[in-house]
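Here the structure of chain A is known, so what remains is to put chain B in place on it, guided by the hints.
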Amino acid sequence: MAIDASVLREIEEGFAHAVVVFLGRDGYPVGVAADFRVDVDRGVLTLVPPTGEEVAPPEGAEVNVIVSHIRPQEIGYDERRYVQLWGRLRRTRSGLELAPVRHHTWDERKVPFFQYSEQTVPQAHRYLEELGRQRGRPVRPRLSFGWLALRTTRAPFLTATVVPILLGVAVAAREGRWSFFLAALTLLAGSLVHLGLNVANDVFDTRSGADAANVTPTQFSGGSRVAHYGLVRLRTLALLSAGFYLAGVGIGLYLAARTDFWPLFWLGAAGVAISVFYTAPPFRLVHRGVGELAVALGFGPIMLLGAYLVQAERFSFEAIYLSIPVAILISLVLYVNEIPDRAGDAAAGKRTLPVRWSRDAVIRAYVWAAGLAFATIAVGAVSGLLPRPTLLALATIPLAVNVGRALRRDYDDPYALMFSAMGTNIKLHLYTGLLLFAGYLIAVGADRFLTDPPAFLR
Amino acid sequence: MGALPPPAEEALRRALVCEFTVVRPDGRPVTHPMIPIYDGERIYLHSSILFSKKVAHVKANPRVSVAVTDLSATHGEPLKDRVTVQGDAVVREDDPHTTWERILPLWIEKEPIVESFYKQRVALPLFWERSLIEITPRRVLVWTGGRTDRPPAVHELSEVT
Numbered sequence: 001m002a003i004d005a006s007v008l009r010e011i012e013e014g015f016a017h018a019v020v021v022f023l024g025r026d027g028y029p030v031g032v033a034a035d036f037r038v039d040v041d042r043g044v045l046t047l048v049p050p051t052g053e054e055v056a057p058p059e060g061a062e063v064n065v066i067v068s069h070i071r072p073q074e075i076g077y078d079e080r081r082y083v084q085l086w087g088r089l090r091r092t093r094s095g096l097e098l099a100p101v102r103h104h105t106w107d108e109r110k111v112p113f114f115q116y117s118e119q120t121v122p123q124a125h126r127y128l129e130e131l132g133r134q135r136g137r138p139v140r141p142r143l144s145f146g147w148l149a150l151r152t153t154r155a156p157f158l159t160a161t162v163v164p165i166l167l168g169v170a171v172a173a174r175e176g177r178w179s180f181f182l183a184a185l186t187l188l189a190g191s192l193v194h195l196g197l198n199v200a201n202d203v204f205d206t207r208s209g210a211d212a213a214n215v216t217p218t219q220f221s222g223g224s225r226v227a228h229y230g231l232v233r234l235r236t237l238a239l240l241s242a243g244f245y246l247a248g249v250g251i252g253l254y255l256a257a258r259t260d261f262w263p264l265f266w267l268g269a270a271g272v273a274i275s276v277f278y279t280a281p282p283f284r285l286v287h288r289g290v291g292e293l294a295v296a297l298g299f300g301p302i303m304l305l306g307a308y309l310v311q312a313e314r315f316s317f318e319a320i321y322l323s324i325p326v327a328i329l330i331s332l333v334l335y336v337n338e339i340p341d342r343a344g345d346a347a348a349g350k351r352t353l354p355v356r357w358s359r360d361a362v363i364r365a366y367v368w369a370a371g372l373a374f375a376t377i378a379v380g381a382v383s384g385l386l387p388r389p390t391l392l393a394l395a396t397i398p399l400a401v402n403v404g405r406a407l408r409r410d411y412d413d414p415y416a417l418m419f420s421a422m423g424t425n426i427k428l429h430l431y432t433g434l435l436l437f438a439g440y441l442i443a444v445g446a447d448r449f450l451t452d453p454p455a456f457l458r
Numbered sequence: 001m002g003a004l005p006p007p008a009e010e011a012l013r014r015a016l017v018c019e020f021t022v023v024r025p026d027g028r029p030v031t032h033p034m035i036p037i038y039d040g041e042r043i044y045l046h047s048s049i050l051f052s053k054k055v056a057h058v059k060a061n062p063r064v065s066v067a068v069t070d071l072s073a074t075h076g077e078p079l080k081d082r083v084t085v086q087g088d089a090v091v092r093e094d095d096p097h098t099t100w101e102r103i104l105p106l107w108i109e110k111e112p113i114v115e116s117f118y119k120q121r122v123a124l125p126l127f128w129e130r131s132l133i134e135i136t137p138r139r140v141l142v143w144t145g146g147r148t149d150r151p152p153a154v155h156e157l158s159e160v161t
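Residue numbers (this note's numbering), protein chains in the order written: chain A, 1 to 458; chain B, 1 to 161.
Just so you know, the hints here were simulated from the structure itself, not pulled from any lab data.
Mixed in with the good hints there might be a few duds.
[Unchecked claim] Calculated from the model, a selection of chain B residues having no Cβ within reach of chain A, i.e. all distances over 12 Å:
no.	residue
1	P7
2	E9
3	E10
4	R13
5	P29
6	D39
7	E41
8	I103
9	V114
10	E134
11	R147
[Claimed, not checked] BS3-like, lysine-lysine: derived pairs with alpha carbons at most 25 Å apart:
no.	chain 1	residue 1	chain 2	residue 2
12	A	K427	B	K119
13	A	K110	B	K53
14	B	K80	B	K119
Here the structure is a predicted model, which means the values were calculated and not measured.
Glycine is no exception: its CB is placed at the ideal position from the N, C-alpha and C atoms.
Pulled out of the complex, with its shape left as it was, chain A reads as follows (with noise of 0.2 Å):
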């Protein structure tokens, strides 16, 4: 038998009726619609002749037979699946006997269609280089300026800095000391930085492979591929790095130099350095098992220090207290991102947990994980170390719920995934930080304009 049995069984169990397709005497193609049985155990189709000279498939020349299905729905169509095969056909008692030599298949609910989109990129690829060579310039896909910038940048993302820079400046204004325009330029120098890192991030991606071995990348994960697609060549995406490493540093050492310069700058080396090196040989800290504890640093302590330091220009307890949670939450994000990603970062030597981790242990500590992020929110606000009204942020503990719910059921479909657990994931770091922002608001406030504030406003 030339080809797998099961795929003979598809086309029993799944298909309607055939197209068999053969070239006419005229060299155009003829495609005419027939019934068919198939025989699993001789491996055969026998398809019943169509009737009339015109239509007559010849005996003896290679054709193609073509089973195909799609389902109408309102918006358009889905169950998108055929199978193409083709061999040569023999006049039997029973009709014309195909047994197919070779197959070519295609069902979404096996390989959904935006897998199958990336795993054709190489063609698409060719095709422009051939077109290119044809016309004698290059021929380039291209985004607008607006969706690329968007896309190269990740900017959406950008609510990992905002968070634990809101919560440093929050915690200095509790203590009476802040500046909008420092806060401001904090904000924007984190954001350079946190920019700088993800377009390094795929210059990285791009150079070791990663984004190429990773055919199911979400909206949420698999990094911008803007190279990898070929939309910005490499060496602009690591100047444009370069270009927001800079001007980030630069505007960090001018924070510094209003400050007492060291603590703060040896506080945004360790960022900028964790940053860099998150990707970047020799570390390749992702490639190590510990991307996750990087971006806890990164995003947790390190930023939402920083910004108070630049504020009250001390260090506070409270402040890395409060950036536990932060911390935890935000390599949260990274880690259930990575879980589609694990096939592709294995091939790519990219050893994150979900990697090393068997299924049942990435939950569990995705669970244990959450659990401690609101267990030190709760023991922070009730022992009066955060203020009293940060409790507020234990609100988006269903979030947490719905996430774990939904890596239980949708661990191995990354488009499910997306849908149930990434975004929400996301959320429940943004929502904890701006509720924490928002407690800590309440707290300013009460102490501003209340004589004698209550308890649970302090």
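Chain B only, in chain A's frame:
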């Protein structure tokens, strides 16, 4: 009244899928399920550069066929007749980013969800770099009632200008 016999026009206007056959350089036919689009004169198919082998085959050999065989693959009532249209194809891709967009309204008529996908083309950028395959029909085969146990009616077409 378009350029094709009424059963073919009906099928091409309403069908959500057709079997599009191209000829490989080694002479073997290759068939792909695709959405047929008909503007009253020519048949259009379009392909992302992600799935561009068929387009390369068309450039090497413009003789193609489009068969509408799945009578139930429509929005609404099933089709009455099966048809196959043979013709000569030309690839329009002066600018793969935009040239194909002229058939976008007809595509959206058959697949409304495309409108929202197109607005978010940033999500899958290479999918929206596309080639337009324009087919000038030469011969039409019609199986009335979809019955292929009877010979098809054959319509030879005069040159479409």
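Hints that the structure is at odds with (numbers, increasing): Structure breaks hints 5, 9, 11 and 14.
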